[in-house]
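With chain A held as given, fit chain B onto it using these hints.
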Amino acid sequence: MKGQVPCFAHVSMPVRALNSLMPMHLWFSPLGEVLTAGPTLAKLAGKAAFSGMPFQEVLEVHRPFPVSDMAGLTTLEGERLGLRLYALPEHNLKGSVVVLPDGGAFLNLSLGLSVIEVVGRYRLTLRDFAPSELAVEMLYLVEAKTAVLEEYKRLNTRLKRAREQAEERAATDMLTGLRNRRALQTALNAAVNGAQPFGLMHVDLDYFKQVNDRLGHAAGDEVLQVVARILLDETRRSDTVARAGGDEFIILFLGLVDARQLLRIGRRIIAQLEEPIPFGEDTCRVSASIGMTLSTFYTHPDPRQMLKDADDALYEAKRAGRGQVRVVRI
Amino acid sequence: MYGLINRAFQFFVRDSYGERAWLAVSGCAGVDPAGFEALELYEDDVTERMVTALSGVLRLPPSMLLEDFGTYLVSHPRHESLRRLLRFGGSSFLEFLYSLDDMPSRVRLVLPEFSIPELKLCREGGERFALYCDWPGDLMRPTVVGLLRGMADDYGALVLMDFPESGAGPIMIELLDGRFADGRSFALGARPT
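Just so you know, the protein sequences line up as chains A and B, in that order. Quick note on full-length UniProt numbering: the first sequence kicks off at 1 and runs consecutively. Quick note on full-length UniProt numbering: the second sequence kicks off at 1 and runs consecutively.
Just chain A, with the same shape it has in the complex (with noise of 0.2 Å):
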């Protein structure tokens, strides 16, 4: 027995349904005129009209391969189409054909990621998507994926500022603002394995023990902070001015390793660290010894050895009565 088969064959369909449900579609004769286009493929193509024109001049197929004709698109049913409308030249539309059984054949277009650029440029509007496209709702997506996305720049710009601080300040000796002991030895690292020559100055304050013992550790403070104003005012910004704890002071001079230099150097920056430093109603006094070396002075030169090598010459000024300056002897 055979069942009965629905025939819908006769049942037409109102174009204004078919508007509704397929806002971009086009439907051509067997003639390959255009019978009916969409009202949003309207919008799009502008005053050219679509109705009666014919086929080769409505859109080129390109893929799965160029059609320019209707033979061509007839044999296209169930593929996947990639198109260009002549009315809209420079964006690629998608869609699907169905071949009519008169011959015609009926095109259902969308506008594929071209509907960014589209729906700015012909100000669609929410109704000129049918509701089970998802066009719009890519939209939204597009514009809440690009303000979060400024929202993680935003926050990328701030911890990287933040991040640059962490190490400026890792790097700092809070008290005087000049680097620490780390970032000298960074910088150490850095000249001795860039093979640049350099000079390495230790200083220590004479007489700071009776300025704290005398006028308190704020006193001590202030001094300190002078010192490290006088220690920088008297080398260059390329050169590495670090408190390496106490009274004690590391200088590299990068690129300076004339020993003459160095000592005229040394002593000026005693001559003005001997300058009274007021206090409130006190005035306190210090002075400096100076102990250096010269990365020249050694085939291979090591931190450690020429920090060691500093602080020799250091001893030694201090044995020769403070205030003075020596070079290391090797």
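It is possible that some hints are incorrect.
[To be verified] Computed beta-carbon distance windows for the label pairs: (1) 32(B) to 185(A): 56 to 66 Å; (2) 30(A) to 186(B): 39 to 49 Å; (3) 125(A) to 109(B): 19 to 29 Å; (4) 187(B) to 35(A): 23 to 33 Å; (5) 109(B) to 30(A): 26 to 36 Å; (6) 16(B) to 13(A): 51 to 61 Å; (7) 312(A) to 30(B): 53 to 63 Å; (8) 21(A) to 30(B): 20 to 30 Å; (9) 16(A) to 59(B): 56 to 66 Å.
[What the hints assert, rightly or not] One-sided excerpt, in silico: chain A residues whose CB lies under 8 Å from chain B: (10) 123; (11) 124; (12) 127; (13) 130.
[Claimed, not checked] Quick look at which bits of chain B chain A covers, simulated, 3 or more residues with Cβ under 8 Å: (14) 35–45; (15) 48–57; (16) 156–166.
Note that these hints are calculated values from the structure, not bench results. We treat Cβ as the ideally placed atom computed from N, Cα and C, and that holds for glycine.
Below, chain B alone, put in the same frame as chain A:
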């Protein structure tokens, strides 16, 4: 809760009542006056503490402030992107109301950990609707009401809204005129770049 909400509240306080009010609120609520990271997660009670603090500073009931907050969120130029995202919900206020059911999933699409209340809209007959807002506490409903008022203005619709101050009753919405005024423009492709 993402810092997004807390930061929006911070801007609300500053834009509406000034920097001094914000300093007072952040002080009372014990939050960093510098504000929040939008995409970081914070304890839920942070928002509540700020609302309580603002209510204390201004001597106004929290529900009133939160209604203003909701309206502020969709009407202040600073938050234009939120207004636009909401306008994707529909081309009329009525369509927008119907889109509220989808709101949580829309939000999760973008910020998976952002919890917002499940909203359920029921047509009560005629142009009357009941909006059920599933969220603990009394803070969310006034905010939603304020937000809906702002969106009604945005669409140019005339609505009446009513909600119980506490308890679980729905927000009652009566759409008197969907095209009462021109509303603000919304173009799909006008996204800010």
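Violated constraints from the hint list, given by number and in increasing order: Numbers 1, 5, 8, 13, 15, 16, in rising order.
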